[in-house]
Amino acid sequence: MFSSPTVRTSFIFLAIALVGLLFADIAITASNPWQDLGNFFLGIITPNFFSSEGLMTALLRTVAFAFVGVALGSIAGFLLALVYRSLPVRIFCAFIRAIHELFWALIFLQFFGFHPLTGVLAIAIPYAGIFAKVYSEILEEVDPEPGRVLPPGTGNITAFLYARIPDCWVKIRTYTAYRLECGLRSSAILGFVGLPTLGFYLEASFSQGLYSDAGAMLILFYVLIATMPLWVKPKLLPVYVLGAPFFLGEGLPIVWGNVQRFFTEDIVPAPLRNGEGLAGLTPWLNDLMINQAVPGIWNTIVLTQIALVASGILSLLAFPLISNHFGGPLRRNAGHVVLVIARSTPEYILAYILLQLWGPSMLPAVVALALHNGGIIGHLIGRQTNSLNLRADAPTGFDRYSWELVPRVYRSFLAFLFYRWEIIMRETAILGILGIYTLGFYVDSAIQNIRFDRAMVLILITALLNIGVDTIGRYIRRKLALQTMPTC
Amino acid sequence: MTSFDLSGLTASFSGKRVIGPLSLRINTGDKVALVGKSGAGKSTLIRLIHERVNRDSSLIPQDLGLVNALSVFHNVFMGQLDKHPTWYNTVTLARPFSKDRNEVHTLLNTLGMTEKLWTPTASLSGGQRQRVAIARALYRNAAVLLADEPVSALDGPMANSVMTHLRDGFSTSIIALHDVELALRYCTRIVGIQGGQVALDQPSENLTTSDIMSLY
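Chains as they are written, first to last, in this note's numbering: chain A, 1 to 488; chain B, 489 to 704.
In isolation and in its complexed conformation, chain A is listed as follows:
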């Protein structure tokens, strides 16, 4: 079994995660975690949809920010995809998508303040980077033959519209619609940094112990995402996109002086700002690296590796829930509901809830990341097993799972997992804002202490770390010849 490179790779990653566990801070620190968890579930069963009028507004704002952000991101991403062959464009896109929506929001908050533009750009910018990459991959796959047959002298735009776009239009549309679902999740968590979306009201309800209000919000969010095929129709899309900007809310006006100050003073490293020159820069950078960057990087990597393996184990355990090789339709439908909930809850919200209940440590983060990512991969793998036709006398039960199904889907399972490696790391970094000592924690503290120069360097480091992991992930996928469609 160990002669297979996929199995060997899996065990190497398992070993790394186990070593990581020795260093990780895994604990339940709350005094009565199970009672809190019980109260929370009680809140979900007894949702209170009418406690505050803010709930519906929050839902509306969440949808509006998602639509405007994703629409702008997809337009910009499409234009970038057309010039994606150029190396500077590719590097630029890799960079902007390596920075999490919440980090973008934290940056824009410093100079645009609570203006709607902050939320819109926080979604649009990283999404443009992702759209550019995926759109360009989709455009690459177009059959080149029709383009070759075109009469010479056909204009570039005409050739593009006839020979390239129609062939990949369905893929572009499907992917964009899928990204819209991701956009709703991104939009919801922007509330955690103060924008008027779901996260804001969720945090407010939680901090007051109003679990029934929080439960109502989560349920509405699931309904919103689960019913997307019903209300997101191609014909209605222009209405939504054109209407959404009017529902972003007023926010607070932009103070242009702040914008100027941010770029000319705030983000200039302190020693340069204070006139100490380049000589002062070294001790400043040393202090930043030793006390913030290195511990942040270390914790981010440890947590990422544990969460990656936990996600993998969970998805292998979860996919039979929706596989039609096991159980009846009733159990399968229940399985679908569980996986839909797991994957539609943003990991940030899961981590926030678990952190409130169990107290600060890496445990809530690992469980949140594993639940969300395990839900996504389990869903994809489970769906894949449904298209497998086994011989009539194939074994049943656990033998079917371990001999027939897992070996058949293992490669695509690994492909999805390594694809999500970079996503898990990006999320791990951001979970620091909740108080786990990953890079996000140090970014957030630097911003709290009004040291934007430090925050910018730390965000830059986070981006580079993500790009690094993405490169290794792609290398492994290529080495093991694993292919996958993008997920978010």
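Some clues are possibly wrong.
Pair by pair, the computed Cβ-Cβ distance ranges are [claimed, not checked]:
| no. | chain 1 | residue 1 | chain 2 | residue 2 | range |
| --- | --- | --- | --- | --- | --- |
| 1 | A | Phe-160 | B | Gly-683 | 37 to 43 Å |
| 2 | A | Asn-389 | B | Asn-694 | 53 to 59 Å |
| 3 | B | Ala-641 | A | Ala-177 | 33 to 39 Å |
| 4 | A | Val-294 | B | Leu-581 | 54 to 60 Å |
| 5 | A | Gly-153 | B | Ser-698 | 42 to 48 Å |
| 6 | B | Ala-687 | A | Ile-165 | 43 to 49 Å |
| 7 | A | Asn-324 | B | Asp-656 | 55 to 61 Å |
| 8 | A | Asn-324 | B | Arg-505 | 35 to 41 Å |
| 9 | A | Phe-160 | B | Gly-517 | 54 to 60 Å |
In case anyone wonders, no lab produced these hints; they're calculated from the structure.
Ideal Cβ placement from N, Cα and C applies to all residues, glycine included.
Assemble the complex: chain A is given as a structure, and chain B must be docked to it using the hints.
Here is chain B on its own, set in the frame of chain A:
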């Protein structure tokens, strides 16, 4: 420019030469059939000639080059994209002009497929797809036709009718054909390809089926 010299044509795949060096002179009015067993290099030769004439020809490649998501009309219309400004082509994508609709309709009529004008080509049968590519080549109306097994998916009567249209529609043509009978009936000159070289080059009237069979 319908008469042209093709000299020093070569092609290699992964270091192995599959064509040439090969020279061929095509005169205006030549209706050339390329014959030879599969793998002899006919498709590669068609492709090389297409590049050599700067793509200024009506081409029917073996895999047809259809845009599957577009309708039959649009695939045929693509033969004249160079004749219109960009705005005209863009409007046509959404709503074709009646002049073009009528032209394409008439053309498809002669090929026996009018009822499918607005069907995406993805949902057509092999023979119908082949006729869409043929219609596109006819609509393109270049001086030279380059076709690679254009009637391989058509039944006898339809194949003969289409070959008649291709013969009458182009003054000069180079058609790769595995059907020797069709080659002798519709072409004036037979060029046999063997091992990437010209093994036979004769007017059709000098040849019989058995002369050509020696190539296979």
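So, going through the hints one by one against the coordinates:
1. A:Phe-160 - B:Gly-683: 37 to 43 Å: Once the Cβ atoms are compared, 40 Å apart, the range 37 to 43 Å for Gly-683 of chain B and Phe-160 of chain A holds.
2. A:Asn-389 - B:Asn-694: 53 to 59 Å: holds, 57 Å
3. B:Ala-641 - A:Ala-177: 33 to 39 Å: The hint (33 to 39 Å, Cβ to Cβ) holds, given that Ala-641 of chain B and Ala-177 of chain A are roughly 36 Å apart.
4. A:Val-294 - B:Leu-581: 54 to 60 Å: holds, 56 Å
5. A:Gly-153 - B:Ser-698: 42 to 48 Å: Cβ of Gly-153 of chain A to Cβ of Ser-698 of chain B: about 45 Å, so the range 42 to 48 Å holds.
6. B:Ala-687 - A:Ile-165: 43 to 49 Å: holds, 44 Å
7. A:Asn-324 - B:Asp-656: 55 to 61 Å: holds, 58 Å
8. A:Asn-324 - B:Arg-505: 35 to 41 Å: The hint (35 to 41 Å, Cβ to Cβ) is violated, given that Asn-324 of chain A and Arg-505 of chain B are roughly 53 Å apart.
9. A:Phe-160 - B:Gly-517: 54 to 60 Å: Violated, at about 37 Å.
Taken one by one, the earlier hints fail for this structure at numbers 8, 9, listed in ascending order.
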